[in-house]
Structures are given as C-alpha cells and as structure tokens.
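Visitor: Spelled out from the first residue to the last, the chains are:
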Amino acid sequence: AGGVPKPLPSSGPKSLREMPHPLATSSSEEMGPALTPSPDLLLPRSIADKDLGLPNGTPVDTSSPASSSSLLNRLQLDDDLDGETRDLFVTVDDPKKHVCTMETYITYRVTTKTTRAEFDLPEYSVRRRYQDFDWLRNKLEESQPTHLIPPLPEKFVVKGVVDRFSEEFVETRRKALDKFLKRITDHPVLSFNEHFNVFLTAKDLNAYKKQGMALLSKVGESVKYVTGGYKLRSRPLEFAAIGEYLDTFSLKLGTIDRIAQRIIKEQLEYLVELREYGPVYSTWGGLEVELSEPLEGVSACIGNCCTALEELSEDMTEDFLPVLREYILYSESMKNVLKKRDQVQAEYEAKLEAVALKKEDRPKVPTDVEKCQDRVECFNADLKADMERWQNNKRQDFRQLLMGMADKNIQYYEKCLTAWESIIPLLQDKPETK
Amino acid sequence: MEDCLAKKMEITVSEAEKRTGRNAVNMQETYTAYLIETRAVESQSEGQCAPVDSLWRRYSEFELLRNYLSVTYPHIVVPPLPEKRADFVWHKLSADNMDPDFVERRRIGLENFLLRVASHPVLCQDKIFYSFLTQEGGWKEVVNETGFQLKADSRLKALNATFRVKNPDKRFTELKHYSDELQSVISHLLRVRARVADRLYGVYKVHGNYGRVFSEWSAIEKEMGDGLQSAGHHMDVYAASIDDILEEEEHYADQLKEYLFYAEALRAVCRKHELMQYDLEMAAQDLTSKKQQCEELATGTVRTFSLKGMTSKLFGQETPEQREAKIKVLEEQIQEGEEQLKSKNLESRDFVKSAWADIERFKEQKNHDLKEALISYAVMQISMCKKGIQVWTNAKECFSKM
Chain A
1 AGGVPKPLPS SGPKSLREMP HPLATSSSEE MGPALTPSPD LLLPRSIADK
51 DLGLPNGTPV DTSSPASSSS LLNRLQLDDD LDGETRDLFV TVDDPKKHVC
101 TMETYITYRV TTKTTRAEFD LPEYSVRRRY QDFDWLRNKL EESQPTHLIP
151 PLPEKFVVKG VVDRFSEEFV ETRRKALDKF LKRITDHPVL SFNEHFNVFL
201 TAKDLNAYKK QGMALLSKVG ESVKYVTGGY KLRSRPLEFA AIGEYLDTFS
251 LKLGTIDRIA QRIIKEQLEY LVELREYGPV YSTWGGLEVE LSEPLEGVSA
301 CIGNCCTALE ELSEDMTEDF LPVLREYILY SESMKNVLKK RDQVQAEYEA
351 KLEAVALKKE DRPKVPTDVE KCQDRVECFN ADLKADMERW QNNKRQDFRQ
401 LLMGMADKNI QYYEKCLTAW ESIIPLLQDK PETK
Chain B
1 MEDCLAKKME ITVSEAEKRT GRNAVNMQET YTAYLIETRA VESQSEGQCA
51 PVDSLWRRYS EFELLRNYLS VTYPHIVVPP LPEKRADFVW HKLSADNMDP
101 DFVERRRIGL ENFLLRVASH PVLCQDKIFY SFLTQEGGWK EVVNETGFQL
151 KADSRLKALN ATFRVKNPDK RFTELKHYSD ELQSVISHLL RVRARVADRL
201 YGVYKVHGNY GRVFSEWSAI EKEMGDGLQS AGHHMDVYAA SIDDILEEEE
251 HYADQLKEYL FYAEALRAVC RKHELMQYDL EMAAQDLTSK KQQCEELATG
301 TVRTFSLKGM TSKLFGQETP EQREAKIKVL EEQIQEGEEQ LKSKNLESRD
351 FVKSAWADIE RFKEQKNHDL KEALISYAVM QISMCKKGIQ VWTNAKECFS
401 KM
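Taken in order, these protein sequences are the chains called A and B.
The first sequence: position 370 = 370 (the UniProt record's numbering), numbered continuously.
The second sequence: position 152 = 152 (the UniProt record's numbering), numbered continuously.
Derived from the structure by calculation, the hints contain no laboratory data.
Cβ coordinates follow ideal geometry from the N, Cα and C atoms, glycine included.
It is possible that part of the hints are untrue.
[Unchecked claim] Which chain B residues stay away from chain A? Per the calculated CB distances, all over 10 Å, these:
{"id": "1", "residue": "V41"}
{"id": "2", "residue": "E61"}
{"id": "3", "residue": "D96"}
{"id": "4", "residue": "T146"}
{"id": "5", "residue": "E181"}
{"id": "6", "residue": "D198"}
{"id": "7", "residue": "N209"}
{"id": "8", "residue": "E216"}
{"id": "9", "residue": "L297"}
{"id": "10", "residue": "E338"}
{"id": "11", "residue": "N367"}
{"id": "12", "residue": "Y377"}
{"id": "13", "residue": "T393"}
{"id": "14", "residue": "K396"}
[Said to hold, decoys possible] Across the chosen pairs, the derived CB separations fall in these ranges:
{"id": "15", "chain 1": "B", "residue 1": "S343", "chain 2": "A", "residue 2": "E276", "range": "44 to 54 Å"}
{"id": "16", "chain 1": "A", "residue 1": "E276", "chain 2": "B", "residue 2": "S354", "range": "38 to 48 Å"}
{"id": "17", "chain 1": "B", "residue 1": "F163", "chain 2": "A", "residue 2": "E414", "range": "53 to 63 Å"}
{"id": "18", "chain 1": "B", "residue 1": "E223", "chain 2": "A", "residue 2": "L321", "range": "18 to 28 Å"}
{"id": "19", "chain 1": "B", "residue 1": "E247", "chain 2": "A", "residue 2": "L321", "range": "49 to 59 Å"}
{"id": "20", "chain 1": "A", "residue 1": "E414", "chain 2": "B", "residue 2": "D226", "range": "48 to 58 Å"}
{"id": "21", "chain 1": "A", "residue 1": "L321", "chain 2": "B", "residue 2": "T173", "range": "41 to 51 Å"}
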C-alpha cells in the first residue's frame, strides 16, 4: 500500500513524543484523558477501519473517550506511521452563526497545533468563514501554480430547498473544510506556504488580505505564468495519460453521483409508501380481537423500518454525495493545472524555436530560455509528485467512502432485521384460553 | 372433523393447460383447464398407493360449484374462489389472465379452495362436491338438476339495497359491519402493498447500475480495479435478488386476498339472515293485518282506514253471506299464515344456530390462518434483511481490498 506523502523533516526542536497529543488537551470538551500515542503502534486494519478518520490522521468524529476503539481512532492509522513525525495538526470545528445588520454567516473554529519553526506559537485558535477559505485557495493557486490544490465545497447553494443554516448543511460543509485544510497540511510544499500560515494564525485576516501582494514569500518567488498564446508540440506520454485518466475518472464519478441520487430518490418514494402501509395494519388491529396485538406489532415494526430507511438516506446525502462531488471538483482543478503545464512547455518550445531560427552562433543558450526550461522541469516534477500523492489519497478516500456506503446499508438491514426478529415471538404467542 | 373428506382423500390441482374450444354461441375461445387429481388415503402405508383419479375442470365449473354450495348452504361461510381477474397488481405483474404466473397462482388458489371445502365439516359431505371431484362427464347437468338456481334469492344480488328490519339481530348487524370494515381494510392493505412492492423493485434495480459503472471505472484503475470490479458484481447480485423476494411476497398477498373474499362470504351469510328476518317480519305483519281484517268483518267495526271499507260505505254494505264467505277465506289464510309463520320461525332459529356455529368455526380458522400469514411475512422480511446484509458485507470486503 502506498504511503501518505512524507512531510519534510521538521526543523522544530520537539518530536511528537515530547508534545502532548493534540486531542489530549482540555481545549475541547470531547477530549478524554491525556494520551501519548506511540507512533510505532501499527494497528490491524479491521479494527482501525471501523471508525476511520482522515488519511492524514486526526479523526473528525470523536466517540466516547472510554471505549478502546475510540482510543485507537485518535492514533495514526496510516502505513508510514512508524518513524514518521507529524508536526502540524489542523482541525475545523465548532460552527457558529453570526447575525449582523448587513448579513448572516457562519464561522468555524480553526485549531492548529504545531512544532514547526515557521510558527511562533505551538497552538493557535482562530475563527474563519467560507470566504476566508476561498481566499486561501485562490492564494494557493496563485502562489503554487505547479501544484494540485485541494478543492473546496461548492460556494453557492443552487437548490432553493437547501437551508444554508441547517445543521446538516453546516456539518457537511464543516467536514469538507476540515478535509481541505488537512490535505494542505499533508502536502510537503503547500503546508509551508506563507498564506496558509497566515490563514492559520492571524487574528485579523482581513487586514492581511488588504495588504495583497505586499507580503511576498521570503522563500520563493511569486511566479506568474502566461496563459494562452502558445501551441504545444507534443505532450509527454505520462501527462497525456493523466489527462485521459482524469477525463474518464470524472465521467465515471458523475455517473456514480447520478446513480446515488437516483437511489436516494427511489428510497424516499419507497419510504412514502411504507409510511402509509404501516398504519393500515394498525387500523386492521382495531377491528380484531385476537389478532389485535400481532397486527399492531407488524405496524410498529414497519414504522421502525421507516426510521432506519430515513437514516440511511440522510447519511448517503450528507456523507456520500459531498465527497463524490469534491472529487469531481478536484479533477476539474487538476485538468486546469495540466493545461497550465502544457502552456509552460509550449512557451519553452516556442522560445527555443525562436532562438534556433535566429541562427546566431552563441555557444550557450540565452538565460530566459534556460529559465523556461527550468520552469518546465520544475512543473513536471512537482506535478508528478502531486499526482502520485493524489492517486494514493484518492484510493484511500474511495476505499473509505465505499466501505462507509456498504456499512450504512448493512446497518440499515441490521436495524430492520432486529425489528422483524423481535416480533416473531409476539406473533407466535398463543393467547390464554378465553 | 373425523368424517371430513380431506382426511380420506388426497386432492390436488396439479396442472393447468391452455385449451381452445367453442363457447355457447359457437365462437372460438381460449380458456385454461385445470387437472384435479384425487387419491384415496390408505390408513396402512405398506407402500401400497391407491390409484390416482383425475379429471379436467375449467374456472367456470368451479364457479358453478361455489354458487351451488352458497345457495344450498346459506348459513355456511363458503370458502371463496381465487380472483377471476388479476387485481392489486404492481407494475411487473401482468393483469392478463393467460399470463403463466397468474395461471400458476390461480392453480394454487383453486387447489386451496377444494381443500377448504373438503375439510369443512358440513360441506365435505355434499354429493355434488364429491361428484365434482370424481365424475368426469355430465356433472353440469347433475348440478342443474338440483334446481338450486330456483332457490337462489335474486335479492342477494342487490348488495346494498336496504330492507327495513324492525328487530335486527344485533350480533348479525355487528358481524355485517365487521365484514364491511374487513373488506375495506384488506383492500387498502393490498393496494398499498402493491405500491410498496413497486417502489422496492425500483430501489433494488437501480443498484444494478453500480455494477456497470464500477466495471467501467475499474478499467482505468490499477490497484483499485479488482476491488471495484468484484464489488460491482455483488451490486448486480443485489439488484437481481428482488425478483425472488417479491415473488414470494405474492403468496402473502394471496393469503390476504383469500380473506378479503372470505369477508364477502361472511357478509353474504349476514345478508341472508337479514332477508330471512325481513321475510319473517313481513309474514308476521301480513298475518296480523289479516287477523285484523277478520275481526273487523266479524264485529263490523272499522278500526283502520281501508279502501274497501270506504267503498263499501259508499256503495253499500255487503250481504251477510258475502261477509261470511270473506271471513271463511280469511280464516283459512290465517291458519295457513300461522303455520307458515311457525315454520319460518323455526327455520330462522335453526339458521341462526347453525350459522353462528359456522361463524365461530370461521373466526378460529381466520385467526389461525392470518397469524400464520403474518409470521410467514415476517420470516420473508427477515430473509430479505439477511440477504441484504450478506451482499453488502461481500461488497464491503471487496471495497476493503481496493
């Protein structure tokens, strides 16, 4: 199994063992006793998978602190666990509604715990709203154009039926935003990005936003790539293959999305009929004497199945569909990066050709053409590394997603099974002789 | 139940066959014939099997039999026939009488009908029933010779026509009300169940699409491919499983339908009692008025207004001889009437007694059968849930290998 991307060796002084586990602090009410996890602990997949968190570590859900499975949940569940030191942990939680004169909006708490030198403090807690995440993503795209930037959940809610402030919507969004930051945290280059740092730490993000381009990264240069104008000669095979793959991949995901939606729709229509079906048994029970209890039992049983079905549909809507859509968005943004790469290569090829045509007998290649060549090679290298990382994450994400879907269906059938099994004795019960 | 035919004879409706023939107006028609096989049950089983007798009957002959039984035994809740035309269908089921599934379910229903009659303490002893099972030719003539059609009360056909009964028997009134409600609730149940089946079918079948898309997706994946492909196969299995599940459920629906029609039979008994009571009251009323007339003629007083009385007043009174003659006629009629009333009363009391006995028998049978039906329905649901768990567990296993 491929590993999660290895972060650059931390320049921080502390190792994980010295630092208290992020989930062990009292800053969150859900936390249990302090835990110092051993990174050498490799867990059998079967137990770990039950409440799997995100591939990069910190689980989103926390269950009862006392149970052993939740204990295992909080520990690293990835293959490269041993010997690996994670020095940056980011969580998104605690959504709050803000009502102002001009608008109403939601903010989320973004908590950071780190030992990296790039951060002044070991801990941060800030509040951010969706537009802040959107700003971050744009900044990352601008400043790291050779890398794949994870997608954000959709900005606008198209259907009028969805309530922007409903618990379900906010929770779905929170999970997606949490995933977004964790994917950046995981990335060896993006996680060191200046804007990311500010996003995690600044008390007043708006002030920073206004400064715009004034703050340039000390490490790298802000590179802007020319878009358009050059025609690409030949795309390297591997990038052509990636492009084709992404096309088919997003197509298939789109189909799966439609199928899943159709299933949910059919299930809800089934539910409507079931809701009428159950009570008829009850009505019948009212007519009978000896059959009264059995009929009422069947009615109640069907009612329980209705509840179970409702839960299944809700889970699929809230947990399954959003992740699918995320990956479709991911594919779209990746194709854009591929296009940019093509452009960079095209520009280089064009400049090279121009030099050849000039027929000047210069011993060395002009510097700007050299720069172009560097750019192409950098881009290709970054992109290749990111693609590999993406493929591994994708595999883990879909494995978890599809296993989750199977799980939810199993749970649905188990609930129904329990309901029906429990009324068998009631049905078989012989009344006392009258 | 020692004497009941079902214990002495094995009865099955084993086959169904399409036939073509000529009907009453000499037009060609297609119909289905059913093979009734009977065999005497040997008390000693020494490997000695009695020979099987068999004959073919069509649905209309079953109908004739049932009509005969209904008329001949008005106080009995006569077992119903399976439905004539497919009703309460959900989209996959055909409403065509020639559809093999419909014919098959009807075959089972007809066998069930014969077994019900054969195990009824009163009906099983009927000679016409016996010859229906054993007499190949000429049975129709034998039935018609009984003249039962003449006995049939045409008023029964007018189901909802009210006959004002002055002293209704409360038990029968309540029972009639119950049978109406039962018919209503079971119809409703069957209608909704058909819709539920329809929707459930849709849910399962759409999952089949996962099979296809997972297969297509697996083609572009390296490590994920196998897991996706095999999971897709399980989705196909899941989608296909609904056909058998719903076919089994049809048997449950048939059990409910039987009692839907039984409710009708129950109502018929109540109705017959109602008419009997009505006739009784009419006869009593008629007798009373005749007695009154007699008295008036004898004493010369007119207590109630009558046209005759008025005309006689207007056009002159009768001669004493005429009056004597009238009185005599009336007295004869009164005597006849009193005898009739007596026998009608007796008839009524007998009817109530035997009807009520059969109703009690029916109630017990109904409670037992419906309980069994509910249990088998629950068992079906349990089986469906277990299959669902199995398939999704298999799929989960495949996903885990991605």
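Visitor: So, for every hint listed, does it hold in this structure?
Guide: Going through the hints against the structure:
no.: 1; hint: V41; verdict: 29 Å, holds
no.: 2; hint: E61; verdict: 34 Å, holds
no.: 3; hint: D96; verdict: 25 Å, holds
no.: 4; hint: T146; verdict: 37 Å, holds
no.: 5; hint: E181; verdict: 5 Å, violated
no.: 6; hint: D198; verdict: 8 Å, violated
no.: 7; hint: N209; verdict: 5 Å, violated
no.: 8; hint: E216; verdict: 6 Å, violated
no.: 9; hint: L297; verdict: 54 Å, holds
no.: 10; hint: E338; verdict: 42 Å, holds
no.: 11; hint: N367; verdict: 5 Å, violated
no.: 12; hint: Y377; verdict: 8 Å, violated
no.: 13; hint: T393; verdict: 6 Å, violated
no.: 14; hint: K396; verdict: 4 Å, violated
no.: 15; hint: B:S343 to A:E276: 44 to 54 Å; verdict: 52 Å, holds
no.: 16; hint: A:E276 to B:S354: 38 to 48 Å; verdict: 41 Å, holds
no.: 17; hint: B:F163 to A:E414: 53 to 63 Å; verdict: 57 Å, holds
no.: 18; hint: B:E223 to A:L321: 18 to 28 Å; verdict: 25 Å, holds
no.: 19; hint: B:E247 to A:L321: 49 to 59 Å; verdict: 33 Å, violated
no.: 20; hint: A:E414 to B:D226: 48 to 58 Å; verdict: 27 Å, violated
no.: 21; hint: A:L321 to B:T173: 41 to 51 Å; verdict: 58 Å, violated
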